[in-house]
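So the sequence lines, in the order shown, correspond to chains A and B.
Each residue of the first sequence is one higher than the one before, counting from 1 in the working numbering.
Each residue of the second sequence is one higher than the one before, counting from 1001 in the working numbering.
Source of the hints: derived by calculation from the structure; they are not laboratory data.
You may find that some hints are simply not true.
As the list claims (entries may be wrong) - Below, a list of computed lysine-lysine pairs in the BS3-like style, where the Cα atoms sit at most 30 Å apart:
| hint | chain 1 | residue 1 | chain 2 | residue 2 |
| --- | --- | --- | --- | --- |
| 1 | B | K1057 | A | K69 |
| 2 | B | K1068 | A | K29 |
| 3 | B | K1057 | B | K1083 |
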Amino acid sequence: MIESITAYSIDGFFGADSTLQTVFLPEDKEITATIALSEIAPIAMRAYIDSYTVRELGSGRDVVYQVRKNHIHISRGRSIVFVLDKDRSDEFPVAAAVAHIFIHEQSLTKLLLGGFADLVADRLTGRLGR
Amino acid sequence: MSNLPALSEAVVRVVFDRVSGNVLHVHTMTAVSGAVLPSDEELNTLAISYAVATSNKLEEQLDVLVIKRDELKSGVRYRVDPKTRCLEPV
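Chain B on its own, in the form it takes in the complex (with noise of 0.2 Å):
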């Protein structure tokens, strides 16, 4: 087994369009044990950041929600709310 430092539980920023809900792109973040985990509104930054990047979209046009790992089931398809900010399957 290895006795190598692990990574930090990860948390995940969900990008998405304020006025759809649809989802852009779902960021992931870690840390390596040694390693600082930026604030939260860092984190959110870097999401949106990369959001605009890969999208049309302006940053206004973008909104984050932060979740824990565990809130996302694999194979399902997620849109957010825009009124009540919740992740829902779709």
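Isolated chain A (complex conformation) (with noise of 0.2 Å):
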């Protein structure tokens, strides 16, 4: 069962054209991580996990892994991207997405990314985080 999850928002675009949102992360945990679309305004947006990052074992080098997928699992992560892109040709962008990360099987963290975010938090909870 996952727990209640404390909001953290990204309102907006604020005249950019994509909110990026980077989250480091404990190395020694096991992370999986999601993220989503509204549905209530789907159009005009991408939203997606954009890369992540972990310290090579030996080497200790930080290696990028880009991924631009909507779900993914890694182990020993140092920080994890996520991104809101609009469509430059779209003047009024109004989706938002939200993502997840989830540790040990329970969420961790809810990130709502751009759009008009309140309007659309609680149904984006009740899809994902439920």
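Take the two lone chains and join them into the complex the hints point to.
Here is the structure:
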């Protein structure tokens, strides 16, 4: 059972074409992350997990893996990057995206990216968080 | 209520064009409890690298403004005054 989660939101684009959120992770945990667009207005937007970084065993180098997916599972992750892009041809993108990070199968965070976040937060929580 | 560890307070990098002041992207950075947030310089480099990758700009054309999350208001579009390096609504 997933416990209730704390919301962290990024409302709107503030004039930019994309919003990104990098979350730095405890490397000793296994992480599952998901991201999805709002069902309300999934137009003119792309939401995806851009990449994650792992510190390579042995060399100690930080290696960045590009994924461009909406769901991944990683271990020894140092950070993960969520992206919400708007279609530059659309003047009024209104969608939002929500991202979850699960640690040991419990939802740790909900990250809400872009759009009119307050309007869709409850519905998205219902879709992904329960 | 959850007793799970939370995220650290968000720090925000606004990447903008040095000449026009146009905002290219807003990059929020947080750390899960137990993780370490890199140095300010590393965070700036990270923000710039994504802006270069997602725009047609060169690194030399870009600059970074470090702000607190609550300096951005919902529904407001911003630019950065290149001279004063201050956010201003447009």
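Taking the hints in turn, this is what the structure says about them:
Annotation: proposed proximity of B/K1057 to A/K69 holds, straight-line Cα distance about 25 Å (limit 30 Å). About 28 Å separates the Cα atoms of B/K1068 and A/K29, which keeps this hinted pair within 30 Å; it holds. About 20 Å separates the Cα atoms of B/K1057 and B/K1083, which keeps this hinted pair within 30 Å; it holds.
In this structure, none of the earlier numbered hints is contradicted; all agree with it.
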